[in-house]
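If you read the protein sequences in the order shown, they are chains E and D. Residue 1 is where the first sequence starts when you use my numbering, and the numbers rise one by one after that. Residue 1001 is where the second sequence starts when you use my numbering, and the numbers rise one by one after that.
Be careful, since some hints might not be right.
In the EDC-like style, the derived pairs of lysine to aspartate or glutamate whose C-alpha atoms are separated by at most 20 Å in a straight line are [said to hold, decoys possible]:
| hint | chain 1 | residue 1 | chain 2 | residue 2 |
| --- | --- | --- | --- | --- |
| 1 | D | Lys1705 | E | Asp30 |
| 2 | E | Lys80 | D | Glu1632 |
| 3 | E | Lys80 | D | Glu1018 |
| 4 | D | Lys1438 | D | Glu1632 |
Ranges of calculated distance between the beta carbons of each label pair, as one might list FRET restraints [as the list claims (entries may be wrong)]:
| hint | chain 1 | residue 1 | chain 2 | residue 2 | range |
| --- | --- | --- | --- | --- | --- |
| 5 | D | Glu1120 | E | Lys80 | 40 to 46 Å |
| 6 | E | Ile13 | D | Lys1682 | 26 to 32 Å |
| 7 | E | Lys80 | D | Val1555 | 43 to 49 Å |
| 8 | D | Lys1583 | E | Lys80 | 37 to 43 Å |
| 9 | D | Arg1638 | E | Leu62 | 30 to 36 Å |
| 10 | E | Lys80 | D | Ser1010 | 23 to 29 Å |
| 11 | D | Pro1607 | E | Lys80 | 55 to 61 Å |
| 12 | E | Gln6 | D | Arg1060 | 36 to 42 Å |
| 13 | D | Leu1235 | E | Gly66 | 44 to 50 Å |
| 14 | E | Arg8 | D | Val1105 | 28 to 34 Å |
Think of the hints as simulated: they come from the structure by calculation, not from any bench. Treat the numbers as computed from the prediction; the structure is a model and nothing was measured. Cβ coordinates follow ideal geometry from the N, Cα and C atoms, glycine included.
If you want the building blocks of each chain, they are given just below.
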Amino acid sequence: MHTKIQIRLNGKIQTLTVPPFRLLLDLLRDEIGLTGTKEGCGTGDCGACTVLLNGKPVNSCLVLSGELDGADILTIEGLKIGPHLHPVQQAFVQEGGAQCGYCTPGMLMMTKALLEENVNPTEEEIRFALSGNLCRCTGYAKIIQAVQIAAAELRKSGK
Amino acid sequence: MGELAVVGKSVTRIDAEEKVTGQTVYGYDLVLPRMLYGKALFSTRPHAIIKRIDTDRARRYPGVHAVITGADAPWIHGETIKDTPFLAQGKVRYVGEPIAAVAAVDEDTAQAAVALIEVEYEDLPAYFSPEEASQPGAVAIHEDYPKYHKADFIVTNPLPNVCEHFKLRTGDVEQGFRKSDIILEQRYRVPTIQHAAMEPHSAHAMVDDSGKLTVWVPNDAPFRVRTETAEALGLPPEKIRYINPYQGGGFGSKGGLKVERIAIALAYHTKGRPVRVKFNRQETFVSTATRHGAIVRIKSGVKSDGALVAREITIYWDAGAYSEKSPTVCIRGSLPSPGPYRIPHVKVDGYAVYTNKPVAGAFRGYGIPQGAWACEQHMDDLAKRLRMDPLEFRLKNIFVDGDIAYWGEELHNVGLKETLLKATDAIGWGKTERLDPKAFKIGKGFACIAKPTRTPTTSNASVLVNSQGKVTILAGTVEIGQGCSTMLSQVAAEELGIPLENIRMHPLDTDVIPFDSSTTSSRSTFHMGNAVRHAAIHAREQIAEMTSGILEAPVEELRFSNAQVFLERDPGRALAIGDVIRKQLGLEGIIRGNGSYTYELGKDVDPQTGHSDHASAFYMYATQAAEVAVDEETGRVRLLRVVAAHDVGKAINPLNCVAQVEGGLAMGIGAALHEELVVDDKGKVRNSSFLDYHLVTSLDMPEMKTIIVECPTPDGPYGAKGLGEPGLAPTPAAIGNAVADALGIRIYDLPLTPERIYWAIQAATD
């Protein structure tokens, strides 16, 4: 059984025929070939597969494709602004926010969601926002620093 | 050595941009043409004979291409003891052991077919603690252990289920205890934990028509696993090729043959089609590797002036069901377990013991954290008995330059004391700045470690420079997130005078890249750093020779900088490095520089005495300190701040050094406060998910301060030692000492959960 859905993925309208129970994570990685979104657990516990669904961060391993008709989805592959890194990407590069990099796409998508809602978060607010995104490499300090730098940059540029 | 241009600078990671844009292809992301999907059936019994396996229904399931059991993959492997079947051979030894596997058109089909395989077991007695398993009379988990092929250095022992017995004998401990004024004996316990790298394990394998086996896997030692595979399959190594996609963290778990062997076994039954086997998170927790749980008995004798006289240690390492890295963890973890102190009489017995639990293997720190948890808390309790400040007590005994360590080696370039003084100063040791808030007890603690690296080992590298002045480094060091590709590029940039943006690492492929021992044991900066440096110098010498002819100037007068070669006395006479190569070799010309490094003096420890005059190419020294607030009502430990002072020899990239230490601290904090892989009395892991296994989150991390100490070693590149592992080794003991300082109660078992602390407080007040 397949369902036809139309989605806007990283700004482009796409029509797909998919089994309705196919997870959004698998749809992105296996059907569409966008492997930037990572699978860390498959049970919604680690945040590595975070994407923005209609502007809100979700664990894509917990979303069924059947729910997606008309959805607007942003993944790590759509985060750059034209040829330029998004300020959150730039800050992660500069501050050393990525080590093995496997949690990084999810961290970045969660950070984008946070800063869109609150461009001047306190350190506690950043820690809380990222608490569902696990990282085994960094100890989080450089990630939090990067989010603060990105927030400052976004405030400065008024985005 | 003149002023350094790139080495010592906190340049941004060369792999950062592809990682933040989602372009990096990890092992888990890899797709191969015509690939099939593999899944395994795992044992549900901790120790049992397999009476019968019925795969008929699985074979008939539509979409299935292959169903295999141990009979179809009759291979045995093991790095130091050949005891591990690719798939169970007639018996199972832990819950989670692979028994059979299916390759099918997709993963769902493979999983559905796996569920149709029937297994009938006959249970055997099972052991879940190394003390229990090594009691006289215990049933052998490996009844064929005496017959197994073993490395020369393995020391056997008549006790049941002991797969390695490490012995260190220095002086006479009994005499030492008789001469001591105070004797203290304690028993500490460290539980099994798991690496939990964010990328789960996966491997792809294919056997082509010529019989060549290719394996795509993020493995931390591609050459070593190639050897292990070759020995198991009876193939020459050149018939095996390992290709390393990016690795999403490993911390020791992604080495040897784990998920690899299932993919390889299936690939021999799929008629040339590649097979992908991905472990999910639960399988990764249970069926790859864990960190050794350990029971440490420690007894010390001291003079009333604080001089250590004797120390006796017995460690039971919980190896799990197969030997994996246990013999070498036992050797290299037990060896320095008496701590970085001058002690005239030392006796250590380390026993690696088979149990019916998931297989323990390499884990960042390689046995040092377990010993440190015991030794460093024991040191504080000794200080208390001596009525001496723990800092003063350590300063009296700590390793300094010129000391002969208890394993017989004269130590040099010891930065330990500096780390101790700087860490204790930064935590405000001996000062009380904070008043105890109501119901909270504040305490401070610290801990020291010295960690050896695997010795002797070899690294080789090549550096290619083309006629555009672009550089490609061929080095077998695996980028597991530690930043080696940036570090090695900095070394090449330094020696060639070519900017970093023109330097890239070649993907790792054992058919192309020169041999390297492994990306383990914090060995890469030192060994591969040296090899790449030599290779870059070799390339530079060839370019200098060419330039000398063109500019008609002696080689000694040439300098390399900003992608140019120029005359020192007349910098206007300059040539672009690429132009030199083009002029001499044409547009397609490439210069290849080769470098090789082995620490020649390195000598394995004597298996009977534990002695070696060069046990390690270098030692990593560190002191960490912590300040905690303990809630006496709930037993919860709140970490206020941690300080880490590490002697790295020379920081090639200070930012990345700090990043390594911070990541280590996070793991150490997790191990201190919440991590434990819980195995129940049926051998089943009860918390094989991120919901139940508590990794530290952004909310758990305290303020961190990292202090980089540079006590250079003349053998290291620019003086560098290593740094990857020690970040987590002293952390739990530092926190344990802080908790004991806060409460006046010593807690001997990890992790320091609220429940454990609550009951310790209740017991102390009863």
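Can you list which hints this structure breaks, lowest number first?
Hints 1, 2, 5 and 6 are the ones this structure does not satisfy, whereas the remaining hints hold.
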